[in-house]
Amino acid sequence: MQEHLDKLEAPYEITRIGDIELNGNLTPEQYNKLKLSIFKYGIEIIDNPSIAIANRIKEVIIEMVYLKDQLPSSKISAYIANSMNLSYSYISKVFSDVTYSSIRNYIILQRIERAKQLIIEEKLSLTEVAWKLNYSSVAHLSNQFKKTTGLTPTIFQRIIERRRNKELNPGNN
Amino acid sequence: MENEPLEILLADDDEDDRVFFKEALEEIKVKTIISFFEDGLQLMNYLNQPGVRLPNIVFLDLNMPIKGGMDCLIEIRKNNRLKDLAIVIYSTSSTDEDIEEAFVNGANIYIKKPNDFSALKASLTQVINLNWQYHILGFKKENFLFKINHV
Amino acid sequence: MFKEMKSRNQNLKSMVLIAVFVISIFALLFTAGISYKQIQSLSDSENSVLHSYKIFVELERLNLYCATAETNQRGYLLTRDSTFLQTYYNSLDNVHQAYINLKILIYSDEIQSRNLDSLHNLINRRFYYAANVLKKDNDSIQTSDFTKTLIINGTSMMRQAREQSGKMINEEMRLLKNREKAHKENTNFSPVTLLFTVALSLFFFILAFNKINQDLKSTNKINNQLLINNEIFEHSEQIANISNWCWNMEENTLSFSFNHYRLLGCNPDEFDPTIENFMQFVHPDDRHIVVEGNQRALDDLSASVSNFRVIRKDGELRYFNSIGKVITDSFGKTFIIGVNSDITERYHKDKMLEEKLADLERSNQELTAFNHIASHDLQEPLRKIQTFISRIRDNGFENLTANVKDYFSGIERSTLKMHKFIEDLLLYSRANKADKVFEMADLNILFENAKQELSHLIEENDATVISSVILPVHQVIPFQIQQLFINIISNSIKYRSANIPPIVHINSSIVTGAEIPGTMADLSMNFFKISISDNGIGFEQKYSEKLFSLFYRLHKEKEYSGTGIGLSICKIIVENHKGFIFAEGVPNIGSTFTIYLPV
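Chains as they are written, first to last, in the numbering used here: chain A, 127 to 299; chain B, 28 to 178; chain C, 8 to 606.
Among these hints, one or two may not hold up.
To be verified - The list that follows gives simulated cross-link-like pairs (lysine-lysine, DSSO-like), each with its CA atoms no further than 30 angstroms apart:
#1 K273(A) with K44(C)
#2 K272(A) with K168(B)
#3 K56(B) with K168(B)
#4 K148(B) with K563(C)
Derived by calculation from the structure, the hints in this document are not laboratory data. Note that this is a predicted model, so its numbers are computed, not measured.
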């Protein structure tokens, strides 16, 4: 990013890791050029500030689910709202407009996705997964898993297992 | 949210179900382009055309004449070009064996056909949301497995 | 092991017997020896008594001959008759002879020998004097003083001799007394030893007799028992249609029990027991089976079972089952013993059962398929009807006239009822399915799953469904137990009292079969007792059994909607698990459903 911005001679400032603030607006030319050049890298420019906010929220949540392992969702919402200096009601509206899903839902979804990941890749037992994701019990995890995906974790495990066996033995069914 | 309309295919031999499906989608505030097929063979013929635009979501009924939903599912997943399509099994049967079989063969979502129109709408909405979430939020396609059963 | 013990026992017994025999022989010989010795000493003591008397006699004789000699000497001196002299000399010879005899007799006794020597000495001196007198006499008759002296000395010698003789007699008397005493003792003692010997012999004889008698008795008893057993055995074989045979491997002889012949349709001992004769009755195609069976028994040394067909003497085809085994008896000989059973009846019965079972399974499968398809295929159009109904509800219901609205509501209700009915029928047929797979399942999880499935119902009715204990983990059919919970809990919520939020409470414990009402339970087994109680409308206890009947309902459709299938599904599920289910109800207070599952 730095390279390209430099090329365009656009003034900028790096405020945080992964954050660059432009000190001033780009001309339409600069804008288009930038857009095209970084598109090659698969980077898209998102104009809409709502989308930006939504993304930001997502990032925070992902960070929490994957890295920090602390997830009581009520506190998260407060935390996110605080960290972005915006009211909770605002960001939740923005989020649901953009993603058609509430923050709470998204958190649950992320958690369940992580659970699926842990079950499949790291082959952890349900007890270990529940522990890692801060569920109060395996039953709690199973319940939420079933509510979200419609399947119990056991059945999910079995399906993935059977899928794998199929790939190894394409003749069998 | 995508500004482009969602391209949806439905293969179902029952006319009433096709009508319900269409009306439900119309009542959901999402732009969709729907194509219908009466059996699996028609569907596969369409999909196998070279250069055809790939749909966003494919809905398959299991019990269809000539070629059933399960066969289509297997065929699609085997096809290099088609294997990443989001596939929803949309069926009346709800035995555990059928459901598990569908997932093992690569279905992403299994919907038991509801007996209530609002439930149908809710189910379709959920499908679209899930598809969107998986696509945009970058969840892994292999883990894209959901069973939907609204009443 | 048993055989070893037996022969060790027998060895011990015969060793004891031999030992006792040897001991008794020794004892008898010993006592006999003592008896013999006793008799010997008896004879000895008698001899020694006689010996004393002989000495007396001989001493007297000596005295007598001395006296005779003296008398004859005097006679000669008086009469000068030569006869006297002759007799005198004869008497001297006799005296000498008597002395010799005494000497021989007294030889062993020292004292008496010395005494005899003295006596002899005295007698010799006496007769020396006597001889001198005679000599003097021949020469001249004067010196009568000298002669007198001689005679006086002679007489005094004789007197001394007599004294000595008397002394000897006394001494001998003394000895005699001792000997007589000893003799008397012996005579007294001898019978005792003899008696003792006899008694001992008698004792051993009686002992031996007793033992032999006892053994004889017990042998008789055993023989008797054997005879009875044999009888019973024979009869048992006839009753049970079995027979036995025994093949002595060493001597290659075969023996058949009586029933062996009868099973083949023959009379006992009708033919020689040989393999060839038996094979005549075995179906030609199955003969190899018999041969192989025997070979297997030999090879494996374990019981070998074979089934083959037999054609009886009367031509009827029978099915035989034969079990043969190699055994070794206590002498190390090998036999093959076997039991043949005529299982024809059982065979036919089994076949018939098998066919019936196949029929049953087939019809069951058809029924299940029918059930399933019917319910499933019925559901399709029903679903469509319901969807169309919901379409109309959302869109156009308002425009209907009041009447039509009612009709429409009626259609809605009926379709809902139909839906529930078909669902329950499907559940019923599922519960009845033949393939019931038991696995270890945590009933707590099944309980939670049931609650989840009913989450809507629970929320709508503001119900509380709780468990006060940890439910057991048990070998069950998981989906059925889950359905059981669902049915009972949903009933508890459905049949709630109008104003009170339903509270459903599950409890579990372990009880013995004795606690289960009715006598159907095995009293020795343990059961999980799971009770689900609610605070709903309850029911009258008299209906507690009918509740579980298929399609039975206690309430009108208007009051409470239901299919009447739910509880009969519960009953079938509980029966699948070999358990029991009971219902207790108190009207307006609540109901409790108690399920017993064997541990």
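Item checked: Hints not upheld, ascending by number -> Of the numbered hints given earlier, those the structure breaks are 1 and 4, listed in rising order.
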